[in-house]
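Colleague: Here is how the chains run, residue by residue.
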Amino acid sequence: RKEVEQDPGPFNVPEGATVAFNCTYSNSASQSFFWYRQDCRKEPKLLMSVYSSGNEDGRFTAQLNRASQYISLLIRDSKLSDSATYLCVVNPSGAGSYQLTFGKGTKLSVIP
Amino acid sequence: ETGVTQSPTHLIKTRGQQVTLRCSSQSGHNTVSWYQQALGQGPQFIFQYYREEENGRGNFPPRFSGLQFPNYSSELNVNALELDDSALYLCASSSGLDNEQFFGPGTRLTVL
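Those protein sequences? They're chains A and B, same order as listed.
Sequential numbering from 1 applies to the first sequence in the numbering used here.
Sequential numbering from 1001 applies to the second sequence in the numbering used here.
Bound-form chain B, shown alone (with noise of 0.2 Å):
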């Protein structure tokens, strides 16, 4: 296993609802991407922090928003939650920008 961690593994929302998922990066790393899978597709990238600081961030409506804390495990929010917000939340951790990112489990996200 990666060693990068992320909770809750389920979680059902409803429309309008805001959503708060969670990644403790493997120990050493301080880089954190997250990305979202919908079914049938491939990762698509949200944002990275690095640092404690944004680092990029992908074609993703600032509805989406993150964390990164000094520990360097970072939070994904999603606020008013839509039914296209439905997928796979990835977050994947590195131990700098230029390096391997290893992914987590994943958060699987239902918007009802």
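With the rest of the complex left out, here is chain A (with noise of 0.2 Å):
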């Protein structure tokens, strides 16, 4: 089983609408999670920290799920500039060490 598993992709949606991403976990012990966004051909930038308690951003909320090993990702409103690839990226190990763990990226296209 790989260490992060994401929805295969790719999301093709129009303007306004809620787009959700979906991501698992193997490593029950890690520590930190996040959202990065990748444009194509630059570098990944972080979106957002995900909480067991949810937080949310804007147009954008994370959750996770520990028990689930699961984290996801809500976009709503979509606008043509959150085309991107989303990469769901863990922290497995504890603290004092913070070697993230990527998945291999769900790409969404919002068509006007």
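No lab work stands behind these hints: they were computed from the structure.
Here a beta-carbon is modelled for each residue, glycine too, at the ideal position from N, C-alpha and C.
A couple of the hints might just be wrong.
As the list claims (entries may be wrong) - Counterexamples of contact, computed for chain A against chain B with all Cβ distances above 10 Å: (1) Pro14; (2) Thr18; (3) Ala29; (4) Tyr51; (5) Arg59; (6) Gln69; (7) Asp82; (8) Leu108.
To be verified - Simulated crosslink set (DSS-like; lysine-lysine; CA at most 30 Å straight-line): (9) Lys107(A) x Lys79(A); (10) Lys42(A) x Lys79(A); (11) Lys104(A) x Lys1013(B); (12) Lys2(A) x Lys42(A); (13) Lys104(A) x Lys45(A); (14) Lys45(A) x Lys1013(B); (15) Lys45(A) x Lys79(A); (16) Lys107(A) x Lys42(A); (17) Lys42(A) x Lys1013(B).
The task is to assemble the complex, starting from two chains supplied on their own in separate frames and drawing on the hints.
Modeller: Okay, here's the thing in structure tokens:
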């Protein structure tokens, strides 16, 4: 089983749609969780950290279920500028070590 | 931009050759991590340097080696290049082991 698995995608959605990405991770001892965004041929950039209590940043909502080892990202009211690859990222190590494990990514295309 | 720079931006090598990639970390950052991103995949952790010492290594053979200098810049060296080493090589710096990593733009290596 892969350490971090994501929906294969691609997701093609119209502007204004709501889209959800799911991710599972295999290491139950994982300490921290993130969603990164990567534009074509660019470096990954942190979109948001994911907390057990859930967190929201504008149109973006992230959820973590430690019992199910499941992470989600919801994007509401999609914009053309949201088109990118979304990477689910886990830090499987404990404190004092920050070695990110990335999923393969899910490509999102928002269509006018 | 993150302030993390990498050089060169692109590189073409042939099988069996050796390559050195360079990374300048963001001001104030003492930790550098290196990742390999093959086409269509998420980045994979190679190793991490903290205050000039290796602090963890991913599943990469010994022909992948690195250094971190007193100014916290870093090098990634790959010996005996193979075709599968063709990828985007990303470095990321952070202000400590437990802190957010900021990625540079990457070096795209092609091995022919």
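Colleague: Evaluate each hint against the coordinates.
Modeller: We went through each hint and held it up to the structure:
no.: 1; hint: Pro14; result: holds, 25 Å
no.: 2; hint: Thr18; result: holds, 24 Å
no.: 3; hint: Ala29; result: holds, 15 Å
no.: 4; hint: Tyr51; result: holds, 14 Å
no.: 5; hint: Arg59; result: holds, 21 Å
no.: 6; hint: Gln69; result: holds, 17 Å
no.: 7; hint: Asp82; result: holds, 19 Å
no.: 8; hint: Leu108; result: holds, 15 Å
no.: 9; hint: Lys107(A) x Lys79(A); result: holds, 14 Å
no.: 10; hint: Lys42(A) x Lys79(A); result: holds, 19 Å
no.: 11; hint: Lys104(A) x Lys1013(B); result: holds, 26 Å
no.: 12; hint: Lys2(A) x Lys42(A); result: holds, 24 Å
no.: 13; hint: Lys104(A) x Lys45(A); result: holds, 15 Å
no.: 14; hint: Lys45(A) x Lys1013(B); result: holds, 28 Å
no.: 15; hint: Lys45(A) x Lys79(A); result: holds, 18 Å
no.: 16; hint: Lys107(A) x Lys42(A); result: holds, 14 Å
no.: 17; hint: Lys42(A) x Lys1013(B); result: holds, 22 Å
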